[in-house]
Amino acid sequence: MLRDVVSSVFLLLGALSCLLGALGLLRLPDLPARLQAATKPQTLGLLLILIGTAVRLEFENAATLVLVILFQAVTAPVISQIVARSAYRTGTLDRDLLVVDELTERMERERAGGGARGADHGRGGAGGGDRGRGR
Amino acid sequence: MTIVFALVLGMLSAAALLTVARLLKGPGTLDRIAALDVFVVLIVAASAVYIAIYRDGSTVPLIAAVALVGFVGSATAARLVERWERHR
Numbered sequence: 062m063l064r065d066v067v068s069s070v071f072l073l074l075g076a077l078s079c080l081l082g083a084l085g086l087l088r089l090p091d092l093p094a095r096l097q098a099a100t101k102p103q104t105l106g107l108l109l110i111l112i113g114t115a116v117r118l119e120f121e122n123a124a125t126l127v128l129v130i131l132f133q134a135v136t137a138p139v140i141s142q143i144v145a146r147s148a149y150r151t152g153t154l155d156r157d158l159l160v161v162d163e164l165t166e167r168m169e170r171e172r173a174g175g176g177a178r179g180a181d182h183g184r185g186g187a188g189g190g191d192r193g194r195g196r
Numbered sequence: 040m041t042i043v044f045a046l047v048l049g050m051l052s053a054a055a056l057l058t059v060a061r062l063l064k065g066p067g068t069l070d071r072i073a074a075l076d077v078f079v080v081l082i083v084a085a086s087a088v089y090i091a092i093y094r095d096g097s098t099v100p101l102i103a104a105v106a107l108v109g110f111v112g113s114a115t116a117a118r119l120v121e122r123w124e125r126h127r
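Those protein sequences? They're chains A and B, same order as listed. Heads up: the first sequence is residues 62 to 196, going by the numbering used here. Heads up: the second sequence is residues 40 to 127, going by the numbering used here.
Careful: at least some of the hints might be erroneous.
Derived DEER-like restraints, expressed as beta-carbon distance ranges [unchecked claim]: (1) A/V135 to B/L101: 17 to 25 Å; (2) A/L63 to B/R127: 54 to 62 Å; (3) B/L63 to A/L131: 31 to 39 Å; (4) A/R156 to B/G49: 35 to 43 Å; (5) A/R64 to B/A60: 31 to 39 Å; (6) B/L119 to A/Q97: 20 to 28 Å; (7) A/P138 to B/L63: 25 to 33 Å; (8) B/R118 to A/D65: 38 to 46 Å; (9) A/A94 to B/V105: 23 to 31 Å; (10) A/R170 to B/Y89: 49 to 57 Å; (11) B/Y93 to A/V160: 46 to 54 Å; (12) A/E163 to B/T115: 22 to 30 Å; (13) A/F132 to B/L119: 16 to 24 Å.
Hints were generated in silico from the structure; no laboratory data involved. Computed from a predicted model, the values in this text were never measured in an experiment. No residue lacks a Cβ here, since even glycine has one placed at the ideal position from N, Cα and C.
All chains should be modelled from the sequences, with the hints used to inform the complete structure.
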């Protein structure tokens, strides 16, 4: 009985969080804001739903669900970062809206200073150089 | 308990509908990738609710697999977009 109540609360909160995240994904104006809505409420919602599910299962399966939670918590920021970087490099991102823009400064500094600094040059340098030519 | 499950599944379905709307509308490919990633998360969440309803632990590894494949797919797609634009 107690398990049912706890599980219900977690499941409802999680589903609400997922719904709000999806609403933000649809309503927010530009890509960084949408990524925000796509990452944080979704992770929280999935976490709560998985906890609510784990309460109702026996121990072995609940342990596997913890694994899924950990995995989601690790991968969601990575996806968000990759998508945002890709938007930044391809110029889809509106740079006038950014308050802090450290990546451009850093890329310009590295290009001015010769750029070639080990493994970091391979990807960062190539993207920076390409963008420099494009604009 | 049945009402709770119905509510939860209803909210998840509404979230999935909103996500699909963004997927169809999305001005850029990256918006669509973000929407697809959210959609995979919602699928995982709905499968978890299924497990909670039937108390059926045998589907738990499936959830882990879907989460993993979703991550690899989104990451690869985002990298691919970056490369496309560079060759344009």
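Here is what the structure says about each hint:
1. A/V135 to B/L101: 17 to 25 Å: Once the Cβ atoms are compared, 20 Å apart, the range 17 to 25 Å for B/L101 and A/V135 holds.
2. A/L63 to B/R127: 54 to 62 Å: holds, 59 Å
3. B/L63 to A/L131: 31 to 39 Å: holds, 32 Å
4. A/R156 to B/G49: 35 to 43 Å: At 40 Å between Cβs, range holds.
5. A/R64 to B/A60: 31 to 39 Å: holds, 36 Å
6. B/L119 to A/Q97: 20 to 28 Å: holds, 23 Å
7. A/P138 to B/L63: 25 to 33 Å: Since A/P138 and B/L63 have Cβ atoms about 26 Å apart, the given range 25 to 33 Å holds.
8. B/R118 to A/D65: 38 to 46 Å: Taking Cβ atoms as reference, B/R118 and A/D65 lie about 44 Å apart, which means the hint holds.
9. A/A94 to B/V105: 23 to 31 Å: At 27 Å between Cβs, range holds.
10. A/R170 to B/Y89: 49 to 57 Å: Holds - the Cβ-Cβ distance for A/R170 and B/Y89, about 52 Å, lies within 49 to 57 Å.
11. B/Y93 to A/V160: 46 to 54 Å: With a Cβ separation near 48 Å, B/Y93 and A/V160 satisfy 46 to 54 Å, so the hint holds.
12. A/E163 to B/T115: 22 to 30 Å: holds, 27 Å
13. A/F132 to B/L119: 16 to 24 Å: About 23 Å separates the Cβ atoms of A/F132 and B/L119, which means 16 to 24 Å holds.
The structure is consistent with each of the numbered hints, conforming to all of them.
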